[in-house]
Amino acid sequence: MTPKSGNQSSDEVMHRHGMGAAGDVLLRVEHLTMRFGGLVAVDDLSFEARQGEITALIGPNGAGKTTVFNCITGFYKPSEGRMGLCHGDAAIWSELNALTESGKRGIRKDGNGLYLLERMPDYLVTQDARVARTFQNIRLFPGMTVLENLLVAQHNSLMLASGYTLFGIFGLPSYRRAERASIDRARDWLDRVGLIHRADDPAGDLPYGDQRRLEIARAMCTDPVLLCLDEPAAGLNPRESAQLNELLLGIGNDHGISILLIEHDMSVVMEISDHVIVLDYGVKISDGAPDAVRNDPKVIAAYLGVADDEVEKVEAEVGL
Amino acid sequence: MREGAAPGRIDTVAALRDAAITTLLAFGLFLPLIGFQTVVNIRNELVLDTRWPLLFGIVAAVGVTRLAYSFLFVPWLERFKERPMAVTPPVWLGLIRDWFTPFAIGFVIVYPVIVIATSGWGGALKWVDNFGIQILIYVMLGWGLNIVVGLAGLLDLGYVAFYAVGAYSYALLAKEFGFSFWILLPLAGVMSSFWGILLGFPVLRLRGDYLAIVTLAFGEIIRIVLINWVDLTNGYAGISGIPRPSFFGLPFDASDEGFAATFGLEFSPIYRTIFLYYLILALAFLTAFVTVRLRRLPVGRAWEALREDEIACRSLGINTTNTKLTAFAIGAMFAGFAGSFFAARQGFISPESFTFLESATILAIVVLGGMGSQIGVAVAAVVMIGGTEIMRELEFLKYIFGPSFDPTQYRMLLFGFAMVTIMVLRPRGLVSTRTPSVFLKERKAIPADMVKEGHG
Ligand SMILES: Nc1ncnc2c1ncn2[C@@H]1O[C@H](COP(=O)(O)OP(=O)(O)OP(=O)(O)O)[C@@H](O)[C@H]1O
Ligand SMILES: [Mg+2]
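Here the protein sequences line up with chains A and B, keeping their order.
For what it's worth, my numbering labels the leading residue of the first sequence as 1, then goes sequentially.
For what it's worth, my numbering labels the leading residue of the second sequence as 321, then goes sequentially.
To be clear, the hints were calculated from the coordinates, so they are not data collected in a lab.
If you're wondering where the values come from, they're calculated on a predicted model, not measured in any experiment.
The hints are all genuine.
What the simulated footprint calls covered on chain A by chain B, stretch by stretch (three residues with Cβ under 8 Å from a Cβ of chain B suffice, anywhere in the stretch; the number is not a length):
id : region
1  : 127-133
2  : 142-148
3  : 201-214
Here's a subset of chain B near chain A, in silico, CB distances under 10 Å, partners left out:
id : residue
4  : Thr640
5  : Thr641
6  : Thr646
7  : Lys761
8  : Asp769
FRET-style restraints, in silico, Cβ to Cβ:
id : chain 1 : residue 1 : chain 2 : residue 2 : range
9  : B       : Gly707    : A       : Asp184    : 44 to 52 Å
10 : A       : His264    : B       : Ile695    : 46 to 54 Å
11 : A       : Pro207    : B       : Val612    : 27 to 35 Å
12 : B       : Phe420    : A       : Asp184    : 33 to 41 Å
From the three backbone atoms N, C-alpha and C, an ideal C-beta is built for every residue, glycine too.
In isolation and in its complexed conformation, chain A is listed as follows (with noise of 0.2 Å):
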């Protein structure tokens, strides 16, 4: 248990940021459909995210993972379905209906928000839903600096310090306070993924694993509430992989950031997420907290790669 005054003052930084209470709903996806000519690659899926927890997204190859966070990002426009993310108190939920038959992209509301994914272009999820995202074959810079790319990840606060260019250029010192500032936000992040050393040289240039929390802490440059990873561990030796625990649970809990997380390494899904989905060729088969999903027959089924009927077969097999 953490002690109450801990609490006090963790959710005193959430109230700033914009976030809501721990455990309420903070992303909610519903009827998600996405096709492909005749693919259907994620068919009628639902599921809730919940502030500042671990959801992990589980499945085999080709299940359709990646998928779904390219529609919850805006990178693909879903053929159905409806996607909520809210921004602060959970109250704001009960406007659901009625901002979805506003046709608009969202409301804000006494600092709280809540938008409808589906309708935002990709830029816009991340600038004004807040959602940062990662890729699965990693997306860096090459060509810039650590350094750089964690400060392009602050291009919006930094656009509108530098007055759309206009301070910027006549080199105002509002602006240059501010460069100051987001130079020292990425020097946190670089101190916390421990690539401080690495700053000045070309991201292209950094081991694999480097590039990994590299992209992590551009994610979180952008000030997400919710942050998406798509197979953050894929490629990591065990101790880095061990970091990256570490890390992934750093940003839970110092800074109240959800997660959203797609891995195949089930011993990161298991250690730290709080609550597991697992899907198989486009349908949710399974949905709870991890050792409820890690003992479920159709989870192991799709897992092994057998047909249903042979299910309590495999189970036997198993010892379940």
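With chain A held as given, fit chain B with the ligands onto it using these hints.
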């Protein structure tokens, strides 16, 4: 024994086969081009003449050159490439790197003085006008296009269109309404960037080759409109009698109110030329200064990030359409400035000045200079434009090749040769490293192989 050359050894069979193929190709190509000639004989009939000696001479020369390439040039190139990079570059290289820019800036500022001192008032006119001003116009255009191509990574083959818009804006507004150069200069920039945005809106969804083709078409459309809208632009005949810029109200003429009379000098056309030189120098410096500043601002970083990875940009909340549009608009604005200067300097413009060749030249300057590098682009402009101007000075070649030899005719050939050479030796341009826009401890140059070129 295994086939294929060991490293450092020359594969004689392959080289001979190569030379044979090249010779055959040259024969096929030159047989109709050089082997036959139509001549009008004494009875005024058109007859076919053959030129076997010339044909075989050239074909043999091609074959021998190809052999020389395989046996001499390739091994030399290999050595050049294999030579290990010095761990610490020699001291003189560092000195050149540190002092080149200040030296170059100082040189261009005193350039007219040097020229007058060395070739007198009469001879200086040509050197300031044909070399100085001409090169600086292209330096400025190169720097402007560098924003679009080098920083944002958008391949624009129709950049000359914005140059034309600037020139015609100045020419028409100055003639119709008599506005001064100083009012019309910013106005021409605004007009050009307006057209840049207008073009950008529908086009910037396209990427890579498609963007290049559409911008190319746009450049041609503008030129064809200029040719055909005779009422406004006077078509092929162009616009003449464009008002020249004055020295803050003092015209450069022989009148009593003129520049020379006011300062108690004897009238001479060189004053105007020197004034124009410093004007374009100031405009070019403005372009460089703004570009350097923009690179350190969020918008400039977003341009470079866009060139590196557009999808990653979008995932960071950057509106890529707006970002591309600003690159297009700002690049076009500098072309507009340069265009209005061009019109004011020439006093006459016609669509002939705004052909695709101009776009290609400016793009070549950017590519040869090294995309994204200010100094590289400036040096490339000096080499390319100065080089073509120098060709006019090679009159002495007439003593070697006979009086009918015109060195400027071989301009394009040498041009192409120079480009191929640079691209072989320095595939990413003269200055290929990228300088980071910001640093924590130490500014380290980023090697070219890391930096992306952009996909449109
Ligand atoms: N843009 C697209 N066009 C057509 N089909 C697509 C597209 N994107 C994904 N798919 C298909 O959708 C299905 C789900 O792909 P997705 O990338 O979401 O799987 P995944 O769960 O992320 O798999 P992995 O674990 O291998 O990353 C696959 O069959 C894939 O071929
Ligand atoms: Mg995937």
